[in-house]
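Q: Spelled out, the chains give:
2 protein chains.
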Amino acid sequence: MTQHWYEQHRPRFERAQDACRERHCWSPFAEMPGLYPDAAGAQARAQQGFAAQRGRPFALEQPGRIGSLGEEVSPYTQEPLGIAYPQADIDTLFDAAERAMPAWAAASIETRIGVLMELLDRLYREHLFEIATAVMHTAGQSANMAYAGSGVNALDRGIEALVQAEQAMRAVPAQARWQRGFGSAEIVLDKTYRLVPRGVAVCFACASFPTWNAWPSMLASLATGNPVIVKPHPASVLPMAITVRVLRQVLVEAGFDANLVTMALDSTAEPLGKRLVQHPLTRIVDFTGSARFGQWVERHAHPAIVFSETSGCNTVVLESVVDLDAVLRALATTMCLFSAQMCTSPQNLYLPRAGVRTPAGLVPLDEVAQRLAAAIDSIGREPRRAAMLLAAIQSPQTLDLLRQMTAQGAAAGRVLLAPRPYAHPEFPNARTSTPLLVQTDKTQRGLYGQERFGPIGFVIACDDAADALTQATADVREFGGLTAFVYSQDETFIAAAEDAYARAGAQLTINLSGPMPLNFAAAYSDFHVTGLNPAGNASLTDLAFVASRFRIVQSRRPAVLQPELQETTT
Amino acid sequence: MTQHWYEQHRPRFERAQDACRERHCWSPFAEMPGLYPDAAGAQARAQQGFAAQRGRPFALEQPGRIGSLGEEVSPYTQEPLGIAYPQADIDTLFDAAERAMPAWAAASIETRIGVLMELLDRLYREHLFEIATAVMHTAGQSANMAYAGSGVNALDRGIEALVQAEQAMRAVPAQARWQRGFGSAEIVLDKTYRLVPRGVAVCFACASFPTWNAWPSMLASLATGNPVIVKPHPASVLPMAITVRVLRQVLVEAGFDANLVTMALDSTAEPLGKRLVQHPLTRIVDFTGSARFGQWVERHAHPAIVFSETSGCNTVVLESVVDLDAVLRALATTMCLFSAQMCTSPQNLYLPRAGVRTPAGLVPLDEVAQRLAAAIDSIGREPRRAAMLLAAIQSPQTLDLLRQMTAQGAAAGRVLLAPRPYAHPEFPNARTSTPLLVQTDKTQRGLYGQERFGPIGFVIACDDAADALTQATADVREFGGLTAFVYSQDETFIAAAEDAYARAGAQLTINLSGPMPLNFAAAYSDFHVTGLNPAGNASLTDLAFVASRFRIVQSRRPAVLQPELQETTT
Chain G
0 MTQHWYEQHR
10 PRFERAQDAC
20 RERHCWSPFA
30 EMPGLYPDAA
40 GAQARAQQGF
50 AAQRGRPFAL
60 EQPGRIGSLG
70 EEVSPYTQEP
80 LGIAYPQADI
90 DTLFDAAERA
100 MPAWAAASIE
110 TRIGVLMELL
120 DRLYREHLFE
130 IATAVMHTAG
140 QSANMAYAGS
150 GVNALDRGIE
160 ALVQAEQAMR
170 AVPAQARWQR
180 GFGSAEIVLD
190 KTYRLVPRGV
200 AVCFACASFP
210 TWNAWPSMLA
220 SLATGNPVIV
230 KPHPASVLPM
240 AITVRVLRQV
250 LVEAGFDANL
260 VTMALDSTAE
270 PLGKRLVQHP
280 LTRIVDFTGS
290 ARFGQWVERH
300 AHPAIVFSET
310 SGCNTVVLES
320 VVDLDAVLRA
330 LATTMCLFSA
340 QMCTSPQNLY
350 LPRAGVRTPA
360 GLVPLDEVAQ
370 RLAAAIDSIG
380 REPRRAAMLL
390 AAIQSPQTLD
400 LLRQMTAQGA
410 AAGRVLLAPR
420 PYAHPEFPNA
430 RTSTPLLVQT
440 DKTQRGLYGQ
450 ERFGPIGFVI
460 ACDDAADALT
470 QATADVREFG
480 GLTAFVYSQD
490 ETFIAAAEDA
500 YARAGAQLTI
510 NLSGPMPLNF
520 AAAYSDFHVT
530 GLNPAGNASL
540 TDLAFVASRF
550 RIVQSRRPAV
560 LQPELQETTT
Chain H
0 MTQHWYEQHR
10 PRFERAQDAC
20 RERHCWSPFA
30 EMPGLYPDAA
40 GAQARAQQGF
50 AAQRGRPFAL
60 EQPGRIGSLG
70 EEVSPYTQEP
80 LGIAYPQADI
90 DTLFDAAERA
100 MPAWAAASIE
110 TRIGVLMELL
120 DRLYREHLFE
130 IATAVMHTAG
140 QSANMAYAGS
150 GVNALDRGIE
160 ALVQAEQAMR
170 AVPAQARWQR
180 GFGSAEIVLD
190 KTYRLVPRGV
200 AVCFACASFP
210 TWNAWPSMLA
220 SLATGNPVIV
230 KPHPASVLPM
240 AITVRVLRQV
250 LVEAGFDANL
260 VTMALDSTAE
270 PLGKRLVQHP
280 LTRIVDFTGS
290 ARFGQWVERH
300 AHPAIVFSET
310 SGCNTVVLES
320 VVDLDAVLRA
330 LATTMCLFSA
340 QMCTSPQNLY
350 LPRAGVRTPA
360 GLVPLDEVAQ
370 RLAAAIDSIG
380 REPRRAAMLL
390 AAIQSPQTLD
400 LLRQMTAQGA
410 AAGRVLLAPR
420 PYAHPEFPNA
430 RTSTPLLVQT
440 DKTQRGLYGQ
450 ERFGPIGFVI
460 ACDDAADALT
470 QATADVREFG
480 GLTAFVYSQD
490 ETFIAAAEDA
500 YARAGAQLTI
510 NLSGPMPLNF
520 AAAYSDFHVT
530 GLNPAGNASL
540 TDLAFVASRF
550 RIVQSRRPAV
560 LQPELQETTT
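Each protein sequence line maps, in turn, to chains G and H.
Its first residue numbered 0, the first sequence is counted upward by one per residue in numbering that gives the first Met the number 0.
Its first residue numbered 0, the second sequence is counted upward by one per residue in numbering that gives the first Met the number 0.
The set of hints was computed from the structure by calculation and includes no laboratory data.
Cβ atoms here follow ideal geometry from the backbone N, Cα and C, with glycine treated the same way.
Some hints here could point you the wrong way.
[Unchecked claim] Which stretches of chain G does chain H cover? Using the computed rule of at least three CB atoms under 8 Å from a CB of chain H, they are:
| hint | segment |
| --- | --- |
| 1 | 10 to 23 |
| 2 | 193 to 202 |
| 3 | 501 to 511 |
| 4 | 524 to 532 |
| 5 | 536 to 550 |
With the hints as extra help, turn the sequences into a complete structure.
A: So, in structure tokens, the structure goes:
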């Protein structure tokens with residue numbers, strides 16, 4: 000069956016290999032819900048399933064059950080989901096993972112790739128709306144973003160991880176014959192090279208965008224032979240619980256041990272993260288989450304290796320533009336997108352104190368700031384658009400932070416836009432907020448010099464355009480940053496920005512406006528995170544993301560020379 | 000000139016790519032001094048040069064000079080070399096490295112590979128005997144081993160690192176065009192992908208085998224755009240000082256900043272290692288040395304990444320043999336080779352208590368131990384053979400350890416062979432010792448359960464063959480181990496050994512006897528270190544050894560569509 004799966008999915012896999020090599024646009028999946036086969040039916044079934052799951056135990060048979068946990072609250076209803084998930088004894092999960100590993104590690108590369116391609120296809124065909132609904136009611140994403148960003152795009156990132164893993168593994172041949180003279184003797188050795196998985200991988204998924212990072216991490220570990228223990232954020236368990244359940248089913252169908260993938264759930268009151276990272280059997284940690292805990296993980300995981308994505312200040316530098324309104328519209332849209340609860344959302348806008356150059360002359364900084372505020376404000380004033388763009392606020396802590404930053408912003412700058420709830424047209428109890436926008440000066444690094452998670456933006460006055468670039472890239476180097484956006488009509492300035500951001504390690508987008516979200520990161524094409532600044536140490540997905548998840552062990556012995564060869568020489 | 004170098008060395012580089020892919024036997028270099036062009040002349044010049052260098056300052060122009068250091072003592076004469084090397088201010092070296100990096104990072108892959116291939120060729124053609132002589136009189140290797148192991152084989156490991164680095168870098172295209180519809184709009188982006196070096200690499204070289212690990216590490220870092228600060232062991236500076244001087248010359252000839260490679264020297268009294276590892280500009284650490292400091296480096300280098308090779312217990316399991324004398328001869332030779340001062344030297348022999356099966360019947364354990372002792376003893380009794388095989392003892396501490404272990408061995412087992420100096424035929428004052436061989440029981444892990452650096456071996460009685468394998472691989476997992484050797488005529492036992500050593504992460508050699516040293520690791524073919532046990536975390540040389548030395552930063556912007564294309568569509 001598993002060989003069948005490899006052959007079945009091989010055309011898609013080979014097409015994905017092309018895409019990774021060429022880095023052009025491609026996906027085997029319908030990018031929009033409207034293009035999905037019987038989307039309405041699938042969505043209706045997902046909603047029925049979700050309604051039926053609420054208030055009920057989640058059926059996940061895995062070993063070591065010691066109780067139940069569940070504290071999810073829908074950002075759209077602000078009511079508990081009431082789903083009770085199995086709480087597992089950690090040591091039992093590790094032991095089960097260790098026992099499951101040898102047969103999976105011994106399987107061929109084709110077998111493992113086939114099983115994991117089947118998983119992704121199964122998630123797409125049978126569980127996409129179920130997962131999208133789960134993401135919506137845990138992370139607070141809009142239905143469209145949950146479908147695209149947490150659904151098909153995340154599946155694409157998963158395939159991409161498989162392509163990279165396969166490439167790294169194929170670089171090692173299965174065997175070789177080696178022959179050399181030593182003195183008068185000829186030594187002929189047959190060598191076999193075995194790819195050995197590093198060991199149990201712990202995958203931390205984050206609260207606001209669980210699948211997009213976790214799926215490629217899980218697939219990178221599994222493709223290279225490692226079992227995975229998934230540690231969802233207690234606020235967003237359901238998407239990962241569904242993933243784990245489907246993966247376990249597919250593994251069993253393929254004849255492998257379901258315990259290659261299990262879920263280790265904890266609670267906000269009693270977090271398990273440190274225990275999982277420092278468990279004596281942990282060999283790989285994939286971490287998406289806060290910079291603070293991420294730093295701890297990076298420092299304390301040894302001997303496990305760590306692949307992290309944390310957070311930083313994503314920066315925008317406005318030097319000169321052709322169409323200021325188009326640029327501000329694009330910025331406003333992107334700063335509103337999912338209430339800036341994405342690791343790629345822009346937060347800090349650095350502008351020359353004198354203003355931004357346009358074909359109609361210099362537009363003063365205050366005016367640019369006001370027009371940006373107006374563009375953002377107009378989104379918050381249209382409930383349907385706000386619902387589509389801003390969606391909901393994942394955590395009540397973000398509302399606290401908004402209050403706190405509004406006060407700090409008033410003290411260290413000027414509040415251009417104060418946050419307020421907007422009325423969600425479909426969910427009247429939704430936890431929502433329009434963005435906070437503060438105008439300040441580059442000296443106020445205490446205000447803007449870290450990720451302020453949520454719909455919070457800063458317009459930062461700098462001495463001039465060169466100073467804006469210097470300040471922005473210095474902030475990225477010091478505080479981290481994943482994405483960066485530069486607007487300039489001056490090719491010399493653009494070249495300087497490309498150099499400065501390359502050194503700072505942020506993925507740069509230049510002069511983009513229009514309907515594509517500025518922070519959209521395309522699988523197979525865009526590298527996500529550079530590892531060059533504090534915002535994370537790993538990239539989705541390059542060879543470095545996969546090559547150290549397995550090791551190479553060899554065995555060599557004197558060759559038994561073929562009798563027919565010996566005959567021909569006599 | 001640099002483009003010329005790439006073209007000039009391209010056939011050799013492409014041949015090396017084939018060898019890495021096929022992992023067969025290949026080298027562009029003369030494996031034996033006798034095959035080297037005008038070897039006698041080259042050797043004479045090297046010896047004259049060495050004699051002239053003794054007692055004199057070493058000419059190495061590098062920035063930040065704050066004094067001179069030099070404490071090398073030749074193991075062959077036990078006299079100080081009297082060479083004074085420049086001692087540098089560390090911060091100055093880091094600053095100089097940072098300044099040197101951008102132009103090197105901006106060079107094409109071809110340019111960097113060309114420069115580094117030229118370096119290796121230059122080392123071979125102009126400095127091979129100079130380096131071999133330096134290795135001999137610092138590490139204590141025999142002339143032949145210094146030529147082969149520390150010379151041509153190390154050069155081959157260097158080329159191998161370049162091949163892997165090139166493969167990892169080529170996996171990322173320089174640019175792509177990406178096109179996708181968003182709503183009714185078509186977004187066309189041109190993307191460029193830039194490979195950005197991680198930053199300053201610190202390369203620790205060890206005392207007994209400095210070039211073999213350091214050269215591939217340095218070349219892996221340099222190929223991917225990083226500057227390197229070399230930290231030689233204070234006892235073995237000369238080989239690395241020559242390397243650094245030649246590299247700086249070649250870099251300057253190619254138009255680059257010499258400070259891409261500098262040397263940070265310290266003394267035994269005032270070691271610099273921790274400061275170098277934790278310097279705020281350190282981004283990569285390559286470490287070869289003790290398990291104890293290696294563990295510290297692995298734990299404390301963050302945010303720098305670490306590639307380590309430390310030490311462990313290399314194990315031998317004797318189950319059954321066809322020709323016991325041939326096997327014991329091969330083991331004796333390999334245990335004597337360079338007085339077992341190699342990270343690959345076997346140390347622990349695990350035997351069934353009942354003895355070893357042979358075609359002539361079971362040979363009791365005591366007899367096997369005695370015959371092994373006799374085979375080792377016979378080497379020590381022939382001064383010419385002893386000089387060729389045992390060579391000299393690098394450090395006086397090893398003689399202390401031999402005394403201490405002899406006492407411990409007598410207490411926890413039986414001393415089969417007591418160490419004693421042998422008379423070196425060429426250097427009457429050479430620091431030498433024949434091996435210590437102790438017979439003991441598997442319960443005495445306090446005796447044998449760690450690397451005992453130097454010519455020290457243990458014959459360990461186990462319950463039976465299965466128990467011997469279990470104990471040996473458990474020891475590798477717990478204490479580390481790079482190589483392993485199994486002798487068995489039972490294919491079931493061999494298969495079990497392959498599985499067990501694959502899990503333990505030691506590179507296995509089966510049923511080998513004859514003239515090839517059992518622990519010979521061939522460039523392009525043998526992987527060295529697995530990273531699966533405490534003996535090191537990196538392998539020479541796989542993609543994981545190179546892929547994270549650089550990062551990928553991208554820049555994307557709306558495409559300017561070609562006018563001719565626009566014309567053809569109107």
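Q: Of the numbered hints stated previously, which ones are contradicted by the structure, given in increasing order?
A: none
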